[in-house]
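2 protein chains.
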Amino acid sequence: MNKVNVGIIGYGVVGKGTVDTLVQNKETIRLKTGIEINLMGVADLAFKGKSPLPFTQITATDGMELINNPDIHIIVELIGGYDHSKRFITAAINNGKHIVTANKALLAVHGKEIFTLAKEKGVEVEFEASVGGGIPIIKVIKEDLVANNISEINAIINGTANYILSCMTNEGQDYALVLKDAQKLGYAEANPSFDVDGIDSAHKITLLSSIAFGTWVDFNKVYTEGITRISAVDIDFAKELGCTIKLLAIAKKNGDEIEVRVHPTMIPNHYQLASVNGVFNAVQIHGDIVGNTLHYGRGAGGMPTGSAITSDIVNIARNIVNKTIDRVPALGFEQPLEERYRMKSIKDVVSSFYMRFMAADLPGVLSSIAGILAKNNISIRSALQRGLQPKDENVPLVFLTHETTARQIDSAVKEIDNMDLVSDKTVIIRVEGIE
Amino acid sequence: MNKVNVGIIGYGVVGKGTVDTLVQNKETIRLKTGIEINLMGVADLAFKGKSPLPFTQITATDGMELINNPDIHIIVELIGGYDHSKRFITAAINNGKHIVTANKALLAVHGKEIFTLAKEKGVEVEFEASVGGGIPIIKVIKEDLVANNISEINAIINGTANYILSCMTNEGQDYALVLKDAQKLGYAEANPSFDVDGIDSAHKITLLSSIAFGTWVDFNKVYTEGITRISAVDIDFAKELGCTIKLLAIAKKNGDEIEVRVHPTMIPNHYQLASVNGVFNAVQIHGDIVGNTLHYGRGAGGMPTGSAITSDIVNIARNIVNKTIDRVPALGFEQPLEERYRMKSIKDVVSSFYMRFMAADLPGVLSSIAGILAKNNISIRSALQRGLQPKDENVPLVFLTHETTARQIDSAVKEIDNMDLVSDKTVIIRVEGIE
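Quick mapping for you: the protein sequence lines, in order, are chains H and E. Each residue of the first sequence is one higher than the one before, counting from 3 in this note's numbering. Each residue of the second sequence is one higher than the one before, counting from 3 in this note's numbering.
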């Protein structure tokens, strides 16, 4: 019987989910693989003075105890964040351990360095659980779609943001209220910034686009806009337009140009991504051979994420048993195409736009705004005006544009926001899939 | 540069799609894998006297020419059917060639024999393209979901049947008319039996359930019912009930019992599978760790299928280069669980049922039918009656039952169909997901 020893650092929600998976389904995995995945040790700062895991040989407070154990083959890093995780992963790689991690933040920001070190030291770094929780997507891109040039990814990959937008859509409530409920229910953190500001989605699309396009996408160049400015009135207008607002992570490749961006996006209701609700995630991929595929499931949670982490552990274990290394390149390409691509500025990205102005309900306002849009070469697809507002209050005025660039929109909005008859800052939401 | 030589037998739609994929994206695959996939030869009976593929070293009319070529590592069998394909595959395995095939019919019926021979001869047989066209699903079950005990699969895996049902639903037309259109458009074959009678779906769910449950499911025991008896009026009633009719392939495992079946199924509109339309396929899987995942894409066509075949070719090529064999067991389990499971009779499968009777519009008919159902311990969930039919014509009378067995339904229907006031044979459609 082949036996592979695993050490897990971090016993939070995902750590516990992974431990439970490995313990509960140890026999299933053995029957499938012929390999015993031996959970040799778990380390967590919180273990001080108690040993809650009687079934592991080692429970430690310091991850280094596992990293320095010569019998452990695979270190699973599940503490998240940048500093300690990087220190542990680097030390483990230097000790010749293979790595499994769910840490998208670390990989999106420091991945290049980590993958380079791993290659140098002849170990593998796997990260299926870093995007889409239990949804098989990293391996799908690297292996199942290997025959394809992937040109587009559209993804809902943050469960918290999607949960909030789904509630706002279903219940017509405003952002702040829904966020508070989500926090009570444990679907949003006390400090929800990573999720609602789009940063987590940006980390994830950085990884997805890097392996899909075969280049290292610079996280700092990923345009990132969150959902905090979306209000009930915009969701209402979206419905009137036959659309749904989702926080989409989008990556496109066109010739030598790539664009990678995260922002609230209005999409037609008949799009499959429009019906991905609650904490679920979905990733849609376009390959030149296969066309569109869609991959859907639970994007977070201890057990779904534990499922993905365990598939990585098994993958490495199979390589250990078969004495192969880097059978599949860590980032999907044997020869990365680093130099080939140019990152498009968000200002030059073309799409339709939803614009909501709050303006005085007076003659001439609509025509003034339309005039400014025309001057900036922005073509209007449709306009909606809500009548019957309380007297003297500003009314929402909505334009849906044909395809144009953010550069043109910005220039127009700058002028419009300076108009005396316009009160609030104009709300702008990109629209995909209507042209 | 590692080079792996491939020979393709069969140059139909899928053969051409595979050849096009390998030629068009040869450089992409090389950049991703570091391996040159060399399309060394293609064989097809139709090549007699002409050589339409100048870029391959060999074009042959007889597949044996490729099988007997000592330089070819992988034989791709794409002729379909049972006899010639089996002869070619067996000969190729005996010659030490690895096999890639899209032939679900052959594998569902003769798979045990073929996989046993392959294991004996130390070669691999891969079949990603046999189910769901371009959708990654075989590898997903075998590798990505390796941590899970899979307990349920619900799948739309026949594009022709789904296209016909989608058209019937969208256009309110009857089966025969839509079939004719589908044949004109090339979405259905001249003899559509394999597709519309559910046989193709049964082949595919045999393979999916075999690798998911770790046992060899006997194709002959898979309950198979097609869509030919579905009429516009049933689709209409389904709409009234908030449901959609789909040809589902279903596999469930419960303790030591498994059930595998293909039949038209009424599912609630909010189910994701209800919105899988046209020629698209989708496979929903339930694993004990990951929960539900859904995998969606084009289930047929030369290029999507070529994408899946190429991923198999690359997978084997990676194993050849890394000198590993059976790194992942062909059927997902190192130790098949053959003896463990019992196949449940379709008579004992529990579900809700839709029943449509055509009965005289006279007092007492509804109560008589309801009485017979009650006598058979069938509990009624709701009843629909269409009024305002032309005088003297029988009217459709619909009952939706609570969960019961087919055994009980059959017993009741036998009695009801004998009633003088009931004209046509009762239409019965299983309903899933409403209890």
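Hints are not guaranteed to be accurate.
Remember, identical chains collapse to one label, so a pair may be satisfied in a single copy or spanning two.
Here are the simulated lysine-lysine pairs, BS3-like style, with alpha carbons at most 30 Å apart [stated by the list, open to error]:
1) 241 <-> 121
2) 114 <-> 325
3) 52 <-> 223
4) 254 <-> 18
5) 186 <-> 349
Hints listed in this document are in silico derivations from the structure and should not be mistaken for laboratory results. If you're wondering where the values come from, they're calculated on a predicted model, not measured in any experiment.
The hints, checked one at a time:
In this assembly of identical chains, the alpha carbons of residue 241 and residue 121 never lie at most 30 Å apart, being 50 Å within a copy and 57 Å across copies at closest. Taking the closest pair of Cα atoms, residue 114 and residue 325 come within 30 Å of each other both inside a single copy (25 Å) and across two copies (29 Å). Taking CA atoms no more than 30 Å apart as the test, residue 52 paired with residue 223 passes in neither setting, with 45 Å inside one copy and 54 Å between copies. Proximity of residue 254 to residue 18 under the C-alpha cut-off of 30 Å is restricted to the inter-copy arrangement: shortest distance 28 Å between copies versus 36 Å within a copy.
Taking the shortest Cα distances, residue 186 and residue 349 never come within 30 Å of each other, neither inside one copy (38 Å) nor across copies (47 Å).
Hint check: violations occur at hints 1, 3, 5; the rest are consistent with the structure.
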